[in-house]
Structure formats: structure tokens, C-alpha cells
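Undergrad: First to last, the sequence lines map onto chains F and B.
Take 1 as the starting number for the first sequence in UniProt numbering and just add one per residue.
Take 1 as the starting number for the second sequence in UniProt numbering and just add one per residue.
Fair warning: there could be bad hints in the mix.
No copy is singled out in the list; a pair is fine if it fits within one copy or between any two copies.
The list that follows gives simulated cross-link-like pairs (lysine to any residue, SDA-like), each with its CA atoms no further than 20 Å apart [what the hints assert, rightly or not]:
1. LYS66 <-> PHE112
2. LYS66 <-> TYR144
3. LYS66 <-> ASP42
4. LYS66 <-> SER114
5. LYS66 <-> ASP125
6. LYS66 <-> ARG122
7. LYS66 <-> ALA51
8. LYS66 <-> PRO277
9. LYS66 <-> PRO211
10. LYS66 <-> HIS50
11. LYS66 <-> ARG116
12. LYS66 <-> ALA303
Because the hints were derived from the structure by calculation, they are not lab data.
Keep in mind the model is a prediction, meaning the values are calculated, not measured.
Single-letter residue listing:
Number of protein chains: 2
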Amino acid sequence: MLASIAHRVPPRGYGPWEQVASTLAEGLVARGHDVTLFATADSTTSGRLHAEAPAGYEEDPTVDAKVAEALHIAAVFERADRFDVISNQFDFLPLVFSRLTSTPVVTTIHGFSSERIVPVYRAYDDVAHYVAISDADRHPDLTYAATIHHGIDVDAFTPGAGDGGYLLFLGRIHPDKGTATAIEVARRAGLPLVVAGVVHDAAYHRREVLPHVDGDRVRYVGPVGPAERDRLLGGARALLHLVDFDEPFGLSVAEALVTGTPVVAYARGSMAELVRPGVSGFLVADVPGAVEAVAATAGVDRAACRADAVARFGADRMVDDYERLFARVAGAPSPASIASRSRTA
Amino acid sequence: MLASIAHRVPPRGYGPWEQVASTLAEGLVARGHDVTLFATADSTTSGRLHAEAPAGYEEDPTVDAKVAEALHIAAVFERADRFDVISNQFDFLPLVFSRLTSTPVVTTIHGFSSERIVPVYRAYDDVAHYVAISDADRHPDLTYAATIHHGIDVDAFTPGAGDGGYLLFLGRIHPDKGTATAIEVARRAGLPLVVAGVVHDAAYHRREVLPHVDGDRVRYVGPVGPAERDRLLGGARALLHLVDFDEPFGLSVAEALVTGTPVVAYARGSMAELVRPGVSGFLVADVPGAVEAVAATAGVDRAACRADAVARFGADRMVDDYERLFARVAGAPSPASIASRSRTA
Chain F
1 MLASIAHRVP PRGYGPWEQV ASTLAEGLVA RGHDVTLFAT ADSTTSGRLH AEAPAGYEED
61 PTVDAKVAEA LHIAAVFERA DRFDVISNQF DFLPLVFSRL TSTPVVTTIH GFSSERIVPV
121 YRAYDDVAHY VAISDADRHP DLTYAATIHH GIDVDAFTPG AGDGGYLLFL GRIHPDKGTA
181 TAIEVARRAG LPLVVAGVVH DAAYHRREVL PHVDGDRVRY VGPVGPAERD RLLGGARALL
241 HLVDFDEPFG LSVAEALVTG TPVVAYARGS MAELVRPGVS GFLVADVPGA VEAVAATAGV
301 DRAACRADAV ARFGADRMVD DYERLFARVA GAPSPASIAS RSRTA
Chain B
1 MLASIAHRVP PRGYGPWEQV ASTLAEGLVA RGHDVTLFAT ADSTTSGRLH AEAPAGYEED
61 PTVDAKVAEA LHIAAVFERA DRFDVISNQF DFLPLVFSRL TSTPVVTTIH GFSSERIVPV
121 YRAYDDVAHY VAISDADRHP DLTYAATIHH GIDVDAFTPG AGDGGYLLFL GRIHPDKGTA
181 TAIEVARRAG LPLVVAGVVH DAAYHRREVL PHVDGDRVRY VGPVGPAERD RLLGGARALL
241 HLVDFDEPFG LSVAEALVTG TPVVAYARGS MAELVRPGVS GFLVADVPGA VEAVAATAGV
301 DRAACRADAV ARFGADRMVD DYERLFARVA GAPSPASIAS RSRTA
């Protein structure tokens, strides 16, 4: 398992790529697989850990990203013959090593940071096994082995009653994430809004968010840790996820759903794959639609919302999907066929 | 031959790494070797050209450096079994591929851009064949196969009479390069100074250089092409190379010497390996020493200066050195032993 080294695995705070690598590695170890996690030295895993970088390059200014990445990726490929499969959760750079080993490399594409990196994916399309994290994020030029939605540790999220009397915005404070849109929708819906997340665009925060923060109708609580996150999600009437780009996946949406909190989202990117209209929230096209949807969330059955989300976005389902794919590309019998053979033997 | 792709090979203007790759590739082809140059698509060579990047990332803003470098380096290693030896003129990134092939990789270290990249060189010290470009640039932690000074195409530089009546500064306008020091030395020596080169530090240029430019005692002629460079070098009484760092090599110093123009240099970095005191210039410690040395350059025999430089910094000598090293690491008989066998056969 080749993780990103921007952050530790699992991440202390932000770090969706590192979170997915951790959840998948731990799930595979729990099923008896022999997993080596290539990550920063301060990472933790119940499998084996191999580290080249002392810490994440976003967390330790003495770590040179280019140098650390090069040593980190090479460490996996220099040991490739010890592994049945390499799970690349790292972005495009490991692809250019993949023709130099016969060990299959499964590359999870966590999103295209820019159209400029697509040529590398295209160049390795014939040898790569690409995993899309949503059907919406599939690039038309690439051949995919599977779409595998992210899964989360559902036990870390408590079923919530949604009785806090507020709507929730959870994410980076940035125009892309639609913080100002959420403020506008909450105002029109006549409900208070809690804004949680790290400021990624200070000018936007000052101009579009802070003037509305009055500690009552709009409260800004800053970045939140896991416990506070769980409490805020479970107490919300709904999560407003009105993002202004085609999001490849949305971990916070899955987390909200698992607490039973419905999501009101713009109908773009992966949202149609995450939110089941009527069951777990609503997909809308504009601010008036979002205001209407907020009213309709009162009718959502939170237990049904949670059950649907646990089935579709629980770690178990993700581990199932990857386990099946890894077995297939490694040319090994799949867990299902092993079980079937045991039964007939 | 894995060249840098910051610029085309050979470079149109600045591009010392690309210049060395070109000179070496052409020299090897002329001796009958089968050379494939991995470089940008607009490069030219009398050998074979393999290109992944359409143009240099410093020359074409549509080229993403990280993407282009990854595809470029991988292209060499994916074809490694076709080659007896890989000559890496690219910096540290190719090293991390070098354990994945049995083809020997000879890495010319063109200087350490930062102490932060040293860990990569250290990590591959056991498999690498490092070439230092001067003894002064050898890092104490590394094992070197050889020191090979750069060589230049001596036919591109005309013997000059040094009768232009001026001293010359040739290089980037930057504090590191000592432009202001050269101005001061020329003033005290009572000789006009011609300053040629691209401005790399605009504030320094405005503050320390422009106030002295009067078109007479100090002339600034901007960056110069090959013909103008040759003319300026050959006409100079001396080249002032009073750089404020330990320069790993100095191509412009070698070029001056080949035109017969002596060099006055600070005694640091590689300068003691380039300049032969009394024969081809002087090594000094400070501004008064430099002023004295300028006067002494009148006694330098320009023909002897050129002859010494042609022998030590001509392309032929560099190609000899690399040819011998490549033969050694490839486990092939060296050209000398082939010749000797032919004689005895």
C-alpha cells in the first residue's frame, strides 16, 4: 500500500488520501492479508510499516517533497517482487515505475489536480489498473478496472438525532466549497448555520463569510477534530454541500449520511452517486431549490438514511471491492471462489 | 544520454547541463558509438533522438515540469536493456530508477542545488557511478567513479588578441556572480568594463550595476549570442570571475581561456582546477588582489593560455574521459585495450 506522504497515515486532521489508505490497509489486515504500508515514519498501522520520509511534507518543513516522494516511491518498486499487488494511493508519479516490474499496480485516482497530469495516466493506460472513486470522475480517455467508492469507519460515527436546530457547512472555507452559498441558503430557509473547517482562502473568508458571522444565525467554529465533527454532524438538521466544482467524491457527505444526517447537494460531480434523493437528502440545481430541499429534509427517515449509507459507504464494502479487484489483477482466486472451493472440497 | 529538459539540446542560450550533454553526445557519435539522446523534441543530434517532452519546460509554459520529467526519465529506463550504459546528465531523480535495471547508470553531478537533495545521492551511492565536475565539488559523503571536467567545442572559440582595451564580466547579473565586485575592480584598475549577461536579480541590477553604467567606463550589453560572446571574450584584456560562492565548474572561464584571455578569479570552488596562475590567469583573495592581478595579466602569453585550455578543457579530452569510464562500468574492454589488442593481433 503506497500512501501519499503529504500527511501521516492515518491523518491527524485533513488528509483524505491518507485516510483512505489507512482504512483500506487496516481492513485488509483484519481479513488476514499481509499488508506493508509505505508511508511516513510517524504513521501507524496494524500491518508492517516501511518509511523513507520522517514525516509528512505538509507537516514538517524540513521534508523536501520532491526528494521524499522519489525515495518513497522507489522503495516500493525496489521491493515489488515481495508483493502480489501494489495498491497505489499516491497520484501519478508511481505509474512511471510500473513497466519496470511484473507486480500488478492498482492505481486509485483520487481526482485529477489538473488536466496537465492526464498525459501520464494516458501513457500507462495499457499496463495500469485504474480505480475511479466515482463514475462521475472517470476520464473519457482512460480504461478503468473498477469504480470503488470510498468507505469510512462507520463505528467512528454515532447515529445522531439531528436535533441541534442548525444546518451545517463542513469543509475548507473556499469559493469552490460554496461557503457563501450555504450562508445564503440557511438565511432564506430561516435556520441557523454552523460553519466548520479550515480557512483556505483568507480574502474570501473575510469578504463573504465573516460579515455574516454573528454567533447566532451564523457561527464559525474553525477546524474540528473527530469527536466534535461527529457531534456536529449528528446534531445537524442537514449538511449543506453546495460545492462549485465537480467533486470526485465527498468524504464529509458520506460521514454525514452515516450519522443519519441528510445532505442537500448540487447535482454535479459525484453527488448523484452519494445522495439518494428522498432517502438520504436531495440534489438541487440552485439556491431556491436548496431552500426548498432544506424544508423537505424534515421528512427524511434518519435511520434509513444511516442504514443506506452504512451499506454503501462503510469500510467493509470498500475492502470487499478492493479485495476482489486485487485478487483479480494478481491472478489469484477471488475470496468468493476460495470459499466456494472450500465448500465443495 | 539522459539530458535535462529545462532547455533544448543544445541550448539556444543559457543551459550548461544541456550544453554538456550535447557536446558529449556529439563527441561519442563522432567516434562511432551508437548514442540515443533522450531530450526535448526540438533538440538536435547526429545520434538518435528520443523525445517525450515537446520542448523545454523553461521555454514552453504549456510543458508541466513534473509530468514531463517523469515521462522523460521513465522512457530511458523502460528501454535500459538496449543500452550498455546510461549517462545521466539530469540531476537526482533518475537515481531512484537505477536499482530497477542491470544497465549501469553513470550520473554526472552538475552541482548540488541544495543540501536537501544529498540524501538521494547518499541512498544510491552503492549502485551509482558518480562523476564530479570538479574535485572541489565532491561531496564528502559520496563515492565517486571519477572527476571529469567539462569540455567545450574549441573550434567555436577563436584565438583573440585581447586588444579591445576592456575587462569583461560574463554571466548572470546576480550577487552570487559578483557583478558589483567586477565593477569595483575595473574602476580601481583604471580599465573599462563590459558587462554581458541576463539579469537574474533586478533589484541588484538597479542598485549595484545600473548606477555605474555610463556607456564608457562601464558598458552593459545584455545577454549575448555565440558570435558576440566569442568576439567579446577574445577582445578582453581579462575575464573577471569574482563569484561569491563555490562554483562547481565555470564554463565561461573555460571559454575565455580557449580564446586566450586570462581569468582573474577568487580562489574558491573549482577555480584552482581551471585557472593556472601565471599561465592562464590568477587566483586572488580580495579586491586589492584582483586589481594587482589585472595588471599582471599583461604578462600572460595568450597562445600558451589557449594551448593549455584546449588540452585541458577541449571536448576531446572530456569525451576521452567519459569513453574510458563508460567502458569500465559497462565491463567492456576500454578503447585503449581494444587498440592494443588490434596491434598485437
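Undergrad: Against this structure, judge whether each hint is valid.
TA: Here is what the structure says about each hint:
no.	hint	result
1	LYS66 <-> PHE112	both (19 Å within a copy, 14 Å between copies)
2	LYS66 <-> TYR144	neither (28 Å within a copy, 24 Å between copies)
3	LYS66 <-> ASP42	within (19 Å within a copy, 27 Å between copies)
4	LYS66 <-> SER114	both (18 Å within a copy, 12 Å between copies)
5	LYS66 <-> ASP125	between (24 Å within a copy, 19 Å between copies)
6	LYS66 <-> ARG122	between (23 Å within a copy, 16 Å between copies)
7	LYS66 <-> ALA51	within (15 Å within a copy, 23 Å between copies)
8	LYS66 <-> PRO277	neither (44 Å within a copy, 41 Å between copies)
9	LYS66 <-> PRO211	neither (40 Å within a copy, 40 Å between copies)
10	LYS66 <-> HIS50	within (18 Å within a copy, 25 Å between copies)
11	LYS66 <-> ARG116	both (18 Å within a copy, 10 Å between copies)
12	LYS66 <-> ALA303	neither (46 Å within a copy, 47 Å between copies)
Comparing the model with each earlier hint shows violations of hints 2, 8, 9 and 12; every other hint is respected.
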